[in-house]
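Here is how the chains run, residue by residue.
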Amino acid sequence: MSKCISGKIVYDGIAVGKIYYYGVKASVVKRSKIDDANAEIERYKKARDQAIDELNDIYEKALVEVGEANAAIFETHAMLLDDDDYNDSVYNIIETQMVNAEYAVATTADNFAKMFSEMEDEYFRARSADMIDISERVIRVLENRKEDEGLTSPSIVIAENLAPSETVQLDKSCLLGFVTHQGSVNSHTAILARAMNIPALVEIEIDPEWNGKMGIIDGNEGIFIVDPTSQELDKYNKKLLEQKEKQQLLQQYKGKETISKSGKKIKLFANIGNVSDVAAALENDAEGIGLFRSEFLYLGTDDYPSEEEQFQAYKTVAEMMAGKLVVIRTLDIGADKQVDYFDLEKEDNPAMGLRAIRLCLTRPEIFKTQLRALIRASAYGNIAIMYPMIISVDEVRRIKDLVEEVKKELDAAGVGYGKFSQGIMIETPASAVISDLLAKEVDFFSIGTNDLIQYTLAADRQNPKLELFTDTHHEAVLRLIKMAIDNGHKEGIWVGICGELGADTTLTSRFLEMGIDELSVSSSFLLKVRRQVIEGD
Amino acid sequence: MKTFNYTITDEVGIHARPAGQLKKKVKELGIKAVLGVDGKEADVTKTLQLMQLGVKKGQTVTISVEGDNEEEAAVALEEFFKENF
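For the protein sequence lines, the chains are A and B, in the order given. In this text, residue positions in the first sequence follow UniProt numbering: the first is 1, and each later residue adds one. In this text, residue positions in the second sequence follow UniProt numbering: the first is 1, and each later residue adds one.
Next up, chain A with everything else stripped away, as it sits in the complex (with noise of 0.2 Å):
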């Protein structure tokens, strides 16, 4: 019987192969008596020599595999056992309680993590597996055990949580992917699974008796599927063959210039939704960023996002994306997300609601704030602001006195800032009519398609009822994409689509005969639609 269960995507892709399960190593270390507390400390101070010497030699490893960021942790292990109060206190409970050494290492193991596990700041909380980690490589050699070399053949690894030093050290020809119960999106693990471009999972209950079975991990879906019948083995096989054979169709197509054969030169950007985005973004040539969604900041938390924060995720991706646009677009949320501290009333019909642009004009101090973080970090970058909803110029000059406003506010505080350019979302069919009185106003527009859909047609896009009636290339809404890019032209400003039909490579030809100017999608669709700008009629 095949079993199916939902995870966290760490890392998207497909593996198909034989689950390895790494056993938990935290080997039960048993308290005995001893005689000679001298010589228990010398034997410790041997061991702990040689896991620091093991360590220097994982990061050499590491080093060369997935290079200097990634592997500094290492290093870093090798100065914590050289710690002074590491290792008087290992010294002190071999002394004082007569003990192993085995015993007083893991023992001060669990206090060190316990201190840093109670830490408020997140990064010093995450160093409590640093501390266990380390231990356990002492009682290893303590125990004089040699490190797990069970992974022999291509498999897909399966462990509780896999320690930095663990991952690192997994025969990287024998790893297909990687599925966790615990670790986070930012885990080592996960930066790790990136580097070494495998799927991964997290959040899935591990079985060890799983260990030898066959797998799936379907990273698209965030699926891991153990013992799957011969339909899902086929089922995924063709799906992995189909896999390699577009990326390796599609990388040849990196580094190309996105131009049609008409010599059309196409922008072409990426949609991301967190600064962790942007590295997936650049992989796949992205030319730009052409929407940046600024939800994530305000998502997921207690209370409004700072600042200063809002500005270091700004800041981070202008200067990631080195000088290339980057389009971030304002806060664009409402009724229907689930932002406590917004204290938003319920809305019967929250799509039509106080949202995203109406909900920054109604309350211009959360706006400010964004527009300060945003503005500051046009100091570090091209950046380009975008804003959502628009229905009318009114919106537009009320916004940029805004704008205006937080510049003075800069000037006298003595706060730089660079150029920017402003810009806003067509995303209502009252935007597209007036797109000639709107262009006047911005430097550019970007067409947001799956609301311009929803709003043109008055078909909910929540409603799945619907779909028979929402006809995505309804000639209604590619006549108000051509009039929005029509009107932009006029006035001499560019026009881009950020919606999916932007990924839509049925219709990239029709917007190029549009004559639209830049196409922003997923990252894994970039590669796609540069193939179908560049070899389409």
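I should point out that these hints are in silico values taken from the structure, not numbers from a laboratory. A few of these clues could be false.
These stretches of chain A come out as covered by chain B in the derived footprint (C-beta under 8 Å, 3 or more residues) [unchecked claim]: (1) 83-93; (2) 118-125.
Only pairs whose alpha carbons sit at most 20 Å apart, straight line, appear in this in silico EDC-like list of lysine to aspartate or glutamate [stated by the list, open to error]: (3) B:LYS24 to A:ASP49; (4) B:LYS27 to A:ASP85; (5) B:LYS40 to A:ASP85; (6) A:LYS315 to B:ASP68; (7) B:LYS24 to A:ASP82; (8) B:LYS32 to A:ASP88; (9) A:LYS235 to A:GLU245; (10) B:LYS56 to A:GLU118; (11) B:LYS56 to A:GLU122; (12) A:LYS315 to B:GLU78; (13) B:LYS46 to A:ASP88; (14) A:LYS528 to A:ASP504; (15) B:LYS57 to A:GLU307; (16) B:LYS46 to A:ASP82; (17) B:LYS24 to A:ASP84; (18) B:LYS56 to A:ASP504; (19) B:LYS46 to A:GLU245; (20) B:LYS24 to B:GLU78; (21) B:LYS24 to A:ASP53; (22) A:LYS46 to A:ASP35; (23) B:LYS32 to A:ASP82; (24) B:LYS56 to A:GLU308; (25) B:LYS57 to A:GLU120; (26) B:LYS40 to A:ASP84; (27) B:LYS24 to A:ASP88; (28) B:LYS56 to A:ASP82; (29) B:LYS56 to B:GLU79; (30) B:LYS57 to A:GLU308; (31) B:LYS40 to A:ASP82; (32) B:LYS46 to A:ASP85; (33) B:LYS27 to A:ASP84; (34) B:LYS27 to A:ASP82; (35) B:LYS27 to A:ASP88; (36) B:LYS24 to A:ASP85.
Far from chain B by the CB rule (all over 10 Å, computed), these chain A residues [stated by the list, open to error]: (37) THR107; (38) SER392; (39) THR505.
Glycine residues also receive a C-beta, built at the ideal position from the N, C-alpha and C atoms.
We have chain A already, so just place chain B on it with the hints.
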């Protein structure tokens, strides 16, 4: 004794790796250095102690240097803080 103040600009604060390098630096200089923040202190050669202070970006720390050539050592140490924290 020579002291100087420094405001942390590193995103993560006083984190493990540069803290370990700081220890090397202080040993190299052959001095004793204590870092104080919010009424708490740690010997900077004790990496774990130092990390337990949980010093974050924006906090100002006071470093007191004692030993031979403490003037020069303090200058060198301040330079190290600027580069690493």
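Hint check results:
no. : hint                 : in the structure
1   : 83-93                : holds (count 4)
2   : 118-125              : holds (count 5)
3   : B:LYS24 to A:ASP49   : 17 Å, holds
4   : B:LYS27 to A:ASP85   : 16 Å, holds
5   : B:LYS40 to A:ASP85   : 17 Å, holds
6   : A:LYS315 to B:ASP68  : 43 Å, violated
7   : B:LYS24 to A:ASP82   : 11 Å, holds
8   : B:LYS32 to A:ASP88   : 19 Å, holds
9   : A:LYS235 to A:GLU245 : 15 Å, holds
10  : B:LYS56 to A:GLU118  : 16 Å, holds
11  : B:LYS56 to A:GLU122  : 11 Å, holds
12  : A:LYS315 to B:GLU78  : 27 Å, violated
13  : B:LYS46 to A:ASP88   : 11 Å, holds
14  : A:LYS528 to A:ASP504 : 10 Å, holds
15  : B:LYS57 to A:GLU307  : 15 Å, holds
16  : B:LYS46 to A:ASP82   : 10 Å, holds
17  : B:LYS24 to A:ASP84   : 13 Å, holds
18  : B:LYS56 to A:ASP504  : 45 Å, violated
19  : B:LYS46 to A:GLU245  : 53 Å, violated
20  : B:LYS24 to B:GLU78   : 15 Å, holds
21  : B:LYS24 to A:ASP53   : 18 Å, holds
22  : A:LYS46 to A:ASP35   : 18 Å, holds
23  : B:LYS32 to A:ASP82   : 18 Å, holds
24  : B:LYS56 to A:GLU308  : 14 Å, holds
25  : B:LYS57 to A:GLU120  : 14 Å, holds
26  : B:LYS40 to A:ASP84   : 19 Å, holds
27  : B:LYS24 to A:ASP88   : 18 Å, holds
28  : B:LYS56 to A:ASP82   : 24 Å, violated
29  : B:LYS56 to B:GLU79   : 19 Å, holds
30  : B:LYS57 to A:GLU308  : 11 Å, holds
31  : B:LYS40 to A:ASP82   : 23 Å, violated
32  : B:LYS46 to A:ASP85   : 7 Å, holds
33  : B:LYS27 to A:ASP84   : 13 Å, holds
34  : B:LYS27 to A:ASP82   : 13 Å, holds
35  : B:LYS27 to A:ASP88   : 18 Å, holds
36  : B:LYS24 to A:ASP85   : 16 Å, holds
37  : THR107               : 15 Å, holds
38  : SER392               : 40 Å, holds
39  : THR505               : 39 Å, holds
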